[in-house]
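Make the full structure from the sequences, and use the hints.
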Amino acid sequence: MPRLEVRGLSKSFLGANALQDVSFKIMPGEVLALIGENGAGKSTLIRILSGAHRPDAGEVLIDGDKVDISGPRDAENLGIATVYQELSLFPELSVAENLVFGAFPGRGIIDWRAAKREAGEFLTSLDVEIDVTKRVRDLSIAEKQMLEIAKALYRRAQIVILDEPTAVLGGEDVDHLLALVQGLAKHGVSVIFVSHRLNEVFGLADNYVVLKDGRLTGTGPISQTNHDDLVSKMVGREFARSERAVNKTVGDVVLEVENLSVDGVLNSISLTVRAGEVLGIAGLRGAGRTELARAIYGVDPITAGVVRIKGLAVANGSPLKTIRAGLGLVPEERKTQGIFIAMSTAANIPMVKMLKRGLHTIHPAEERKLAETYKTKLSIKVTNLAAAVASLSGGNQQKVVLAKWLDAGVDVLILDEPTRGIDIGAKQEIYQLIRELCNQGLAIIVISSELPEVLALSNRILVLHHGDAVAELDGQTATEEQIMLHAVGGSRK
Amino acid sequence: MTEIKLAGQSPWIVKSVRNNWVTIVIFVALLVALAIFVPTFYQPANLLNVARQSSIVGVVAIGMTFVILTGGIDLSVGSTLALSGVTMAMLINQGMVAGVAILIALLVGVGVGIINGFIVADLKIQPFIATLATMVAITGVALRVTSGGPQPFDNAGEIFNFLGSGNVLGLPGPFLVFLIVSVIAILALRYLAFGRYLYAIGGSPEAARLTGVPTRRTLFIAYAISGLAAALAGVMTASRLGVGAPTAGGLANLDAITAVVIGGTSLMGGIGGAVGTVFGALLLAVLSNLMNLLGISPFDQQTVKGAVIVLAVLLAMQATRKRTSGRRDKRNRSEKNSDPSSK
Numbered sequence: 001m002p003r004l005e006v007r008g009l010s011k012s013f014l015g016a017n018a019l020q021d022v023s024f025k026i027m028p029g030e031v032l033a034l035i036g037e038n039g040a041g042k043s044t045l046i047r048i049l050s051g052a053h054r055p056d057a058g059e060v061l062i063d064g065d066k067v068d069i070s071g072p073r074d075a076e077n078l079g080i081a082t083v084y085q086e087l088s089l090f091p092e093l094s095v096a097e098n099l100v101f102g103a104f105p106g107r108g109i110i111d112w113r114a115a116k117r118e119a120g121e122f123l124t125s126l127d128v129e130i131d132v133t134k135r136v137r138d139l140s141i142a143e144k145q146m147l148e149i150a151k152a153l154y155r156r157a158q159i160v161i162l163d164e165p166t167a168v169l170g171g172e173d174v175d176h177l178l179a180l181v182q183g184l185a186k187h188g189v190s191v192i193f194v195s196h197r198l199n200e201v202f203g204l205a206d207n208y209v210v211l212k213d214g215r216l217t218g219t220g221p222i223s224q225t226n227h228d229d230l231v232s233k234m235v236g237r238e239f240a241r242s243e244r245a246v247n248k249t250v251g252d253v254v255l256e257v258e259n260l261s262v263d264g265v266l267n268s269i270s271l272t273v274r275a276g277e278v279l280g281i282a283g284l285r286g287a288g289r290t291e292l293a294r295a296i297y298g299v300d301p302i303t304a305g306v307v308r309i310k311g312l313a314v315a316n317g318s319p320l321k322t323i324r325a326g327l328g329l330v331p332e333e334r335k336t337q338g339i340f341i342a343m344s345t346a347a348n349i350p351m352v353k354m355l356k357r358g359l360h361t362i363h364p365a366e367e368r369k370l371a372e373t374y375k376t377k378l379s380i381k382v383t384n385l386a387a388a389v390a391s392l393s394g395g396n397q398q399k400v401v402l403a404k405w406l407d408a409g410v411d412v413l414i415l416d417e418p419t420r421g422i423d424i425g426a427k428q429e430i431y432q433l434i435r436e437l438c439n440q441g442l443a444i445i446v447i448s449s450e451l452p453e454v455l456a457l458s459n460r461i462l463v464l465h466h467g468d469a470v471a472e473l474d475g476q477t478a479t480e481e482q483i484m485l486h487a488v489g490g491s492r493k
Numbered sequence: 001m002t003e004i005k006l007a008g009q010s011p012w013i014v015k016s017v018r019n020n021w022v023t024i025v026i027f028v029a030l031l032v033a034l035a036i037f038v039p040t041f042y043q044p045a046n047l048l049n050v051a052r053q054s055s056i057v058g059v060v061a062i063g064m065t066f067v068i069l070t071g072g073i074d075l076s077v078g079s080t081l082a083l084s085g086v087t088m089a090m091l092i093n094q095g096m097v098a099g100v101a102i103l104i105a106l107l108v109g110v111g112v113g114i115i116n117g118f119i120v121a122d123l124k125i126q127p128f129i130a131t132l133a134t135m136v137a138i139t140g141v142a143l144r145v146t147s148g149g150p151q152p153f154d155n156a157g158e159i160f161n162f163l164g165s166g167n168v169l170g171l172p173g174p175f176l177v178f179l180i181v182s183v184i185a186i187l188a189l190r191y192l193a194f195g196r197y198l199y200a201i202g203g204s205p206e207a208a209r210l211t212g213v214p215t216r217r218t219l220f221i222a223y224a225i226s227g228l229a230a231a232l233a234g235v236m237t238a239s240r241l242g243v244g245a246p247t248a249g250g251l252a253n254l255d256a257i258t259a260v261v262i263g264g265t266s267l268m269g270g271i272g273g274a275v276g277t278v279f280g281a282l283l284l285a286v287l288s289n290l291m292n293l294l295g296i297s298p299f300d301q302q303t304v305k306g307a308v309i310v311l312a313v314l315l316a317m318q319a320t321r322k323r324t325s326g327r328r329d330k331r332n333r334s335e336k337n338s339d340p341s342s343k
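Listed in order, the protein sequences are those of chains X and E. When we follow the UniProt record's numbering, the leftmost residue of the first sequence carries the number 1, and every step to the right adds one. When we follow the UniProt record's numbering, the leftmost residue of the second sequence carries the number 1, and every step to the right adds one.
None of these hints come from the bench; they were simulated from the model. Check before you lean on any hint, since a few could be wrong.
As the list claims (entries may be wrong) - Below, a list of computed lysine to any residue pairs in the SDA-like style, where the Cα atoms sit at most 25 Å apart:
(1) Lys369/X with Ala188/E
(2) Lys248/X with Asp474/X
(3) Lys356/X with Arg216/E
(4) Lys369/X with Ala193/E
(5) Lys353/X with Arg209/E
As structure tokens, this is what we get:
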């Protein structure tokens, strides 16, 4: 009898289907790989199983009984434990305290000696070697993850869901973690293993489930599939060439990055972008996309390499230095990094120009005129330019961010996830804007986890994997499969 | 789109009134209630008294507003006030010209502010702790230089009269100083890039960093302004009493913070301004005057004041929430979270 079975699970958010009619099962002691692109519905599925979301339709069965998971507590009682990347450990408490937390030995008064002993014995039984008296904040990420898994088992979890556990780990740590997972399976625990790294999946899993746009596109024993087969199931559609429209007349090199390295994050990355060209940067979470943008922009210190804008080196500069050299960044987190959320739309737009030129005074009347201009030019939907920009929708906030850079004047613009959390209509408008800017001769970098977005906008596509630039593809001829194959590390087994 | 035009073109005075309507409504309601129940309030002598009482806390609070806008706080203003009064008194007693003594007393305040700025911006210590430390230390300095005793000095001069107990154009001198300081602050926050940076740092520290806002410099200046305002209040206090006392600071820091917060400036930073602070300071002065007129015991006055602070801040929070309704827009947030691509 399967340990866990889901039948016809569906869930939609605000009319968008996140999960549609998904069914699969997992036996005791089985490792099931859950695979899919960003946005395929993996997270939604995990959240339903861990009690964070209620499904709209479908049922979940454990050991053959239909169960109702209406909260994290239910999930725990049913023996389902989820280990997220953002770990739920208490950093200031010891390993032992974390392990037995909520299930303390002793009556009323906690018997710490027993707790320490029990914790130690328990970790040893799992072949996990961590000093139980250490504070969790002093552990490595790998150790924390193993502790998190141990904590789930201590609470008698029979089904463990691991959400991309290896994305933040390197070499040897990955091996340790995979060994632990194999150990769990031997003890009869069922493991759902979410990973983007297909190489790991092949070494570890018994069976696989592939999700694509919320639907199940493939399932079966891992031994009867291969890299290319899985990738095509993940991507599953050919991107219409007609949707691609890029500027064909490119100019001189404007941005030049040479052997850029950031310790433990980026390994000697080189790239160039010409005027009137869009360079797309693709890669999975943890591949170093945002880190690359931040390093070029000068926010995070780089350990080696040079960044040149129009031939002038700006490496290891401050943001203001790179801004003055002609660079702009539309950051990933719009609300906290992109806009000044409590300030008005009119006050937001001239901020970069003020800083770039070192202006000291403000002219409210001119600010208002400027805001009116950009409101028309970028069709920003805003009723009161003097109201806090927080009241605008995501797409319109993003246009305010763009207005800031256009007003200041830039030669190179890096856009990190420019359409994340933005509705489809506004998305197309942003694409249109990016194309116009490109035609006007700007050099543009678009970082995106949505492959269709990268393909629709880019002249060339740079694919990152684990801090390395693993491929550069032609934006006109590349396919989602190709990008994904490089992004999962398939091009260098 | 006439409505938009109207919103865009309304004079900024109207706008600041709209932004501070809670404080102003409470203030006006209080004034009306006073007219009905305590008509003696409106006797000219009493009004002038209220104006005078609001001045010193008002000046400190205006300086404090700059710091609170960055998301910080300045607890050291009371001891700075005392140290600057003491400095002026002692310099005058040593025969220094009044103008020079006042200038040096003000520079002492700027100096304390720069120390605060250094601890906050460079040593990255939380403003609460940083200024708590300077508060204690500066009090120590004031006690050391005076050996703990009050420093009487001759405050007969014209300038002390203006800063202290005299009237100019029928208004109390200190109140005029308060008004002038307020106008300068309001204009600075509105017309200087520096003012914009205060809001940027307080409201969106990450965005400020990514856009290259000169955070360090801005923090230094904000704390220096707070120190300068506190020192000015110290000079005013000493001028009125004819004494520079090392204990003159009292609870000036808490009164000033109260005025700023009642005035609608968020302690989280990024929201508010000096217009609200002016009304906050006036409101506090009117309130304590009213309670005096009603013969409420000083003990009970404290309790009432506490209740009024909670009430005023509660209302101000409501208004702020409405104004920046999207700031904590849960819908946007959950939309983003449920968007599986964010995983």
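List in ascending order the numbers of the hints, as given earlier, that are violated by the structure.
none
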